[in-house]
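2 protein chains.
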Amino acid sequence: MSTNSFAADGARVLADLNTLRQMGAYKTGVHKPTFSEPHLQSLHWLTDRLAEAGLAPTIDGIGNVLGTSNKSGPKLLAGSHLESQNYAGWLDGPLGVVYALEAARVINARDNISGAVEVVSWCDKEGHFGPLLGSRSYIGDVSNAAIDAARDRTSGRPLREALAAAGLAGRERLRAEPGRHIGYLEAHIEQGDRLERAALKIGVVTAIVGIWQYEITFTGQQNHAGTTAMDVRADAGLALARFCVAIDEAFPKACGPRTVWTTGHISLDPGAPSIIPGMAKMQFQIRDTDPAIIGRLEGVLDELGAAATATGPCAVAVKRLRTGKPALMDESIQAAFESAGSSHAAGKSIRMPSGAGHDAQMLATVMPAGMMFVPSIGGISHHWTENTSDADIVTGAQVFVAACAKLLGAEAAR
Amino acid sequence: MSTNSFAADGARVLADLNTLRQMGAYKTGVHKPTFSEPHLQSLHWLTDRLAEAGLAPTIDGIGNVLGTSNKSGPKLLAGSHLESQNYAGWLDGPLGVVYALEAARVINARDNISGAVEVVSWCDKEGHFGPLLGSRSYIGDVSNAAIDAARDRTSGRPLREALAAAGLAGRERLRAEPGRHIGYLEAHIEQGDRLERAALKIGVVTAIVGIWQYEITFTGQQNHAGTTAMDVRADAGLALARFCVAIDEAFPKACGPRTVWTTGHISLDPGAPSIIPGMAKMQFQIRDTDPAIIGRLEGVLDELGAAATATGPCAVAVKRLRTGKPALMDESIQAAFESAGSSHAAGKSIRMPSGAGHDAQMLATVMPAGMMFVPSIGGISHHWTENTSDADIVTGAQVFVAACAKLLGAEAAR
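Sequence order for the protein chains is U and P.
Here this note's numbering is used: position 11 in the first sequence is 11, and no number is missing along the way.
Here this note's numbering is used: position 300 in the second sequence is 300, and no number is missing along the way.
No lab work stands behind these hints, which were simulated from the structure alone.
Fair warning: this is a prediction, and the values are worked out from it, not measured in the lab.
Among the hints, a few may not be true.
Straight line, CA to CA, 16 Å or less: simulated EDC-like cross-link-like pairs of lysine to aspartate or glutamate [stated by the list, open to error]:
#, chain 1, residue 1, chain 2, residue 2
1, P, K253, P, E303
2, P, K319, P, E298
3, P, K319, P, E338
4, P, K253, U, D231
5, U, K253, P, D231
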C-alpha cells in the first residue's frame with residue numbers, strides 16, 4: 001500500500017474552506033463572532049458534513065460540535081474552531097476543522113485501520129464570551145455560574161441569551177471521556193512569519209506558551225490641566241508612560257530567547273484633554289513556554305512597581321489577572337507530524353513553540369495533544385488580510401491526514 | 001455716601017448659590033450637564049430672579065440667558081455659566097452668575113448711578129456640546145452648520161434635539177451689540193491653590209492662557225502579541241509612551257515659568273490585551289499666556305516627532321487641532337478689581353494669569369473684559385468636592401459689586 005492511499009483530496013479541502021469563507025464574508029476574510037448567524041450556519045454546515053462522513057454529529061450546550069464514530073479500535077480527536085475574531089481571517093480555525101474532517105473522510109472508511117478520527121469544532125476559542133470557552137468546558141473548567149455571568153465582549157449580549165437563541169439552552173455539555181481518545185490533533189495557521197521567512201511548509205509545535213496577564217494601575221491626583229502647576233502634579237498617565245519605557249529597558253536583560261511582552265490596552269481616567277489623569281491602567285501580558293523565565297520577569301515587574309511608587313508622585317499596583325500554564329505537546333504526536341512532513345514536505349518542517357494560545361493547550365491537560373502549523377503570508381493574523389497559499393493549504397492537509405493515519409497504526413502512512 | 005451703600009447682601013448671595021446647588025445635587029456638588037433638567041431649571045430660576053431685579057430676561061436660541069436694563073447711561077455686562085462638568089462642583093459657574101445678579105440688584109436701582117449692570121449666563125461654557133459655546137455664539141463664532149453637527153460628548157445626543165426639547169428651537173441667537181457695554185466682568189473660583197497657599201482672598205486676572213491642542217498619532221504595525229518576536233515589532237503604544245517621556249524631559253528646558261502641558265487622553269488601536277497596537281493616539285495640550293513660548297514648545301514637539309520617526313520603528317505625526325489665543329484682561333477693569341479688593345480684602349489680592357479657559361476670553365475679543373478669582377479649597381476643581389468658604393464667597397461678592405459700581409462711575413465705591 002502506498003502513502004497515496006491516505007491522500008487528502010486537496011480540491012475538496014479548498015472547496016470546503018471556501019464554502020465556510022462565504023458564511024460571514026468580510027472583504028477577503030470573515031466576520032464570524034461566536035453565535036452570530038454565519039457562525040451558527042457554519043456549525044450546521046459541519047454537522048451535515050460529519051454525517052456524510054459517517055460520524056454521528058452533536059452540538060452540545062456550549063456550542064461545541066462533535067462527530068463520533070462507532071468503529072472499534074483507537075480513536076483520535078481532531079479539530080479546531082469555526083468562529084472568528086471580529087473582521088478577521090478566513091483560515092484561523094476553519095483550517096483545522098476541515099483538515100480533521102478530511103482526515104475522517106479519508107481514514108475512517110478504510111478496513112485496514114481499526115480506529116477512527118473523531119472531529120470536533122470547539123466553540124468560542126476566540127473568546128467573544130470567554131477565552132477557549134468550548135475546550136475549557138470539555139475538560140470541565142467552566143462552571144454554570146461562569147456561563148451565567150459571561151457576556152459578549154463586543155455587544156454585551158449575555159451568553160445564556162445567545163445559547164437560547166441558538167436553540168442550545170438546556171442541552172448537556174460534552175465532557176472528555178477518559179480513555180476514549182489516544183490523542184488530540186489540531187492544525188492551525190502559524191500567525192507569525194517564521195515559516196515563511198525560512199521557506200518552510202510545516203511547523204511541528206513543541207509547546208504552547210502560557211500567557212500571564214497583568215493589570216497595572218497608577219494612582220495620582222486628578223486635577224485641572226490649566227490651573228495646576230507642573231511641579232505639584234501627580235499625573236497617572238505620565239507615570240504609566242514611564243513604566244512602559246522602564247519595562248522595555250529592564251525586560252531584555254531578564255527574558256528568554258522567545259519571551260514576548262505586550263501592553264495592549266491603556267486607559268486614562270477621566271481621559272479628557274483638559275484634565276490631568278488621576279488614574280491610569282494598562283493591560284500587560286507576558287508569554288513564554290518556561291514558567292521560570294516568567295517568574296523572573298514577574299519579579300522585575302514587581303521591583304519596577306515598588307521603585308516607581310517609592311520615587312513618586314504616583315503609586316503603582318501590579319496585579320496578576322491570569323496565570324498561564326505552558327502546555328507541552330506530546331512527543332509521539334510531534335514525531336508523527338515530523339514523519340508525515342518528511343514524506344510530503346521533505347526538509348521543510350521545523351519544530352517550534354506556539355506563541356498564540358490554542359484549544360490544544362486545554363486538551364493537553366486530559367490527553368496527549370499535538371499541533372501543526374502551516375505558513376501565514378506575511379505573518380498576518382487577526383486581520384481580514386490573513387492568508388495562506390492554496391499550495392501550502394493542500395500540503396498541510398496531506399501532512400495532517402498522514403499523521404492521523406500513522407498514529408492510528410496504518411503502516412502505509414509511514 | 002459710604003462704601004457700604006454698595007454692599008452686597010452676603011446672606012442673599014449664599015442663599016441663591018445654595019438654591020442652585022439643590023438643582024442636580026450630587027454628593028456635595030452637582031451633576032448639571034448642559035440642557036439637563038436641572039440645568040434648564042437653573043436657567044428658568046435665573047430668568048425669574050432677573051425679572052425681580054428689574055431686568056428684562058431672554059433665553060436665546062443657544063441657551064444663553066441675558067437680562068437687559070432700559071436705564072440710560074453706561075452698561076456693564078456681567079456673568080458666567082450655570083451648567084457644570086459631569087459630577088463636579090457647585091460654584092464653578094454659578095458663583096459668577098450670582099455675583100452679577102447681586103451687582104444688578106444692589107446697583108441698578110440707585111439713582112446716583114446712571115448706568116446699569118446687565119446679567120448673563122453663557123450656555124455650555126463647559127463644552128458638553130462645544131467649548132465656550134454660548135459666549136462664542138454671542139461673538140459670532142458659531143455657525144448654524146456647527147450647531148447642526150454638535151453632539152453631547154457624553155451621550156451623543158444632537159444639540160438640535162436638546163435645543164428642541166428645551167423649547168429653544170427656532171429662537172434667535174443673541175449677538176454682541178457694538179457699543180452697548182463698556183465692559184464685561186466675570187468672577188470665578190480660582191480652580192488652583194495659589195490664593196489659598198498664600199492666604200489671599202482675591203485674584204485679579206491679568207490674562208487668560210491660550211490652549212494649544214494637539215493630536216499626536218503613532219503608526220506602527222498591528223500584530224499578534226504571541227507570535228510576533230520582540231525584534232520585529234512596531235508597537236505604536238510603546239512609541240507613544242517613549243514620546244510622553246521625551247516631552248517630559250525636553251519641555252522644562254524650553255518652557256516659561258507658568259507653562260503647563262498635559263496628555264489627557266490616550267487610545268491604542270485596537271486596544272486588546274493580545275494584540276500589538278498598530279496605531280496609538282494622544283491628546284496633548286499646552287497652555288501659556290505668551291504665544292512666543294508656545295511657538296518654541298511647538299518647535300520642540302515637531303523636532304521630537306521627526307526624531308522619533310527617523311529612529312523608528314513607528315511614524316509620529318503631530319497635528320495642531322486648536323490654536324489658543326491668550327486673552328489679555330482690560331487694565332482699567334483690573335484696576336477696579338484691585339481697588340475694590342483694597343477696600344474689602346486689604347493686602348489680600350494679587351494679580352495672576354488664569355490657567356483655565358473662561359467665557360471672558362471670548363468677550364475680550366469684542367469689548368474690554370476682566371475677571372476676578374476667589375480661593376478654591378485645596379485647589380480642587382472639576383470634582384464634586386470643589387468648595388470655597390462662605391466667608392470667602394461673601395468677600396468676593398463685596399469686591400465684585402464694588403468693582404462694578406466703580407466702573408459705572410459711582411464715587412462711593414472708591
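Here is how each hint holds up against the structure:
| no. | hint | verdict |
| --- | --- | --- |
| 1 | P:K253 with P:E303 | holds, 14 Å |
| 2 | P:K319 with P:E298 | holds, 10 Å |
| 3 | P:K319 with P:E338 | violated, 40 Å |
| 4 | P:K253 with U:D231 | holds, 14 Å |
| 5 | U:K253 with P:D231 | holds, 14 Å |
Hint 3 from the list above is the single one not met by this structure.
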